[in-house]
Amino acid sequence: MPHGFFSLILHAHLPFVRHPEHSEFLEEDWLYEAITEVYLPLLRTLSALDAEGARPRLALNLSPTLCEMLADPLLQTRYTRHLDNLSALADKEVARTRATARPFLPAARMYRRTLRATRRLWHEVYEHDLIGGFRKLQDAGVCEIMTCGATHGFLPLISTTEARHAQIQVAVANYQKHFGRRPRGIWLPECAYTEGIETLLAEARLEYFVADTHAVLYGEPRPRHGVYAPVKLSNGVAVFARDIETSQQVWSSLIGYPGDPNYREFYRDVGWDAPLEYLLPHLHADGARRHLGLKYHRVTGRDVPLSDKRPYRPYRARRRAALHAAHFVDERIKQCARQSDALGGHLPLITSPYDAELFGHWWFEGVHFLEHVFRELARRRDEIVTVAPADYLATHARLQTQRLSPSSWGAEGYYKVWLNDSNAWLYPEQHAAEARMTALAERYRAATPDALTLRALNQAARELLLAEASDWAFQIAHATTVEYAARRFNSHIARFNVLASDIEAGHIDAARLAEIESRDNLFAELDYRVYLSR
Amino acid sequence: MNLRADDTPEENHATEAVAAHGDVAAPQLARPSEVARAADALDNILPFALRRDFIQLLLQSPHRLYLYWTFAHDPHQTLRAAFGELAEHYRLTVRLVKVETGEEFLLDAPRARAQWFEVYPSHVYRAEVGFHAPGRPFVRLLSSNNVTTPPNRASHLSATEQDFQLAADDFTQLLAGAAYERYARGFAGDEREAAAVNETIGAPIAAAVPQDDPARTLSPATLDEYPHR
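These protein sequence lines are chains A and B, in that order.
Counting from 0, one number per residue, gives the positions in the first sequence under this note's numbering.
Counting from 377, one number per residue, gives the positions in the second sequence under this note's numbering.
Honestly, the hints are just simulated from the structure, not real lab data.
Treat the hints with care, since some could be wrong.
Partial pick of chain A residues on the chain B-facing surface, computed with a CB cut under 8 Å [to be verified]:
1) P220
2) G225
3) A341
Just so you know, even glycine gets a beta-carbon here, dropped at the ideal spot from N, CA and C.
Chain A extracted, bound-state conformation:
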């Protein structure tokens, strides 16, 4: 008799970064690093587990912008270039460490071996089509793929119902394009909820979303099962709330697994350690140092300065990941057993959502950890049942009806990360564009636009969606890539406004429109009428 259910949910998202106007572009590396370290390893691992009968089951959100980038021929070609460059460096590194830095040789060999396997996966197994790989996993019952906001717009800070509606409808249409079916669940960008969003979700026939813990714990009336069961809103949309205990076990800087001294140190990279002359063939044309992805040190200890980090031992780290996985599953079984008494016999569901990019990118051993989690879950399937959210709903368990509390999964649990002194300046322009887009759509409610105007309307919608991405406000708030984030927001607002002015004036600059279309080429299926007044 199992003690309860466990649901792992991975949220894979990157903002749309594609710069055909430059032959190489630093921020495009976000995608390339994630393909190498996260998406390909996840595909390989889940496929292998499935093939050996371990029956892994999870929910995976692939955001529409990520899907569009993964399917983009230019970015696929550039990823090939990136991978070839990294592989060439890894080959050189084996020779270098063997000759002059033997403590780092095991890591260098591991990179060479891993990158050779990555090239095989990229070219031969998936033939550059990672979306196809994930689609097959969904069709095989390994993962349930959820959608997200079209560009990861922070819905509570979008000013009009029409613009919120567009984020959801464009996402659903994009999902259908890539996965050949309708999505059943949605990852609300940043888990950000405010009252009324559920109406838009129900209209899109979405059955559930994921929320942060206090959305339910502070909901009304108080939840009978805490966060150990989904609740439903008055219109029937179900809500799965994040379990804190499992979040802390992975995320906490104090007790989280990734802080183990044996794991790879993220912030020490060959791109900053090796001599510049040696690295030059592998850097961009500007010759600027940057993270290249080959890292040779381990965490060593919490307060150990970067300069004193010890050499990374890949095999030791992997063994550690297996131990942590066994511990993680054991703790979930104990947690379920403990809670089922308090819940009066109700079998608890533990919902564990994480950023997918944590596993493999930030926490290098994270995908190995997940592999062993699924092996352990398979071994102990009599004690705990692994489900995706829709599987749980299919049990027809009765759900409590609640009004949720507004919330997000950001720092302090509300909207502060995306609305504060550093980034509040974004919203007047964004909100004006949202109102203007609906006004543009309304101009053509009765009349059919000519072909050029139709393209301009659709492109204006794309520019607005891109401006709304929560990533820009996040990056500005965290002072990470402020210049780039601000520039992206400004560019999309500017492009939106010039297109809007052209449409309003009845004179569209066709060459300029074509140039903008070539740069921001996502969502080919988009129909501007999603912005019509409601």
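Here the structure of chain A is known, so what remains is to put chain B in place on it, guided by the hints.
Same frame as chain A, but now just chain B:
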């Protein structure tokens, strides 16, 4: 800066590598055309001025709201045209209203056309911008949306559906058992704590917060801080 494919050694390297696989097209490279240059220039021509009468109240947290507004025309001109010399007595003012009770809080409108407010959880607020003169009616120019601040504690209401009813003490126990004690603060059944929370909810807001960094609009000055690539 646009780069050409043959500018750098690594570009050559990449091109060879791509060719070696034979199944992918060469990277699509920058075309420094007139239109592309115009598109680049377009991105540098900001802002597209906001010319609308608009006000928006936004939630940041149970304790903080953000208000911004824009005017299509200078409201002072309108005031002078309508009130003549009397206009001198009026000041552009922000009014925050606690909707349930009608209590209000007034302050001079900052030039930044934005204002943070510290408020209380579980209340409904609305903001207005208009002209105020002592002893005279408030001349409302803009009125915002209502914002309901979220609770900062669990609900005192138990479910009406029998299957989901749970006594407050049992809920506390449930949270504690799940290491969620911090969510149990001042909630259901804890009457003393609830009373303490309620006592603090008297004034419509706690404070209007001066801005360290005034709300920013897109302007050439703003753009100067973000040098282009």
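Hints, verified against the model:
Among the interface hints, the one on P220(A) holds; its C-beta lies about 4 Å from the nearest C-beta in chain B, closer than the 8 Å criterion. Nearest Cβ of chain B to the Cβ of G225(A): about 5 Å, under the 8 Å cut. The hint holds. Checking A341(A) against chain B: minimum C-beta separation of about 5 Å stays under 8 Å; hint holds.
In summary, the structure agrees with every hint in the numbered list given earlier.
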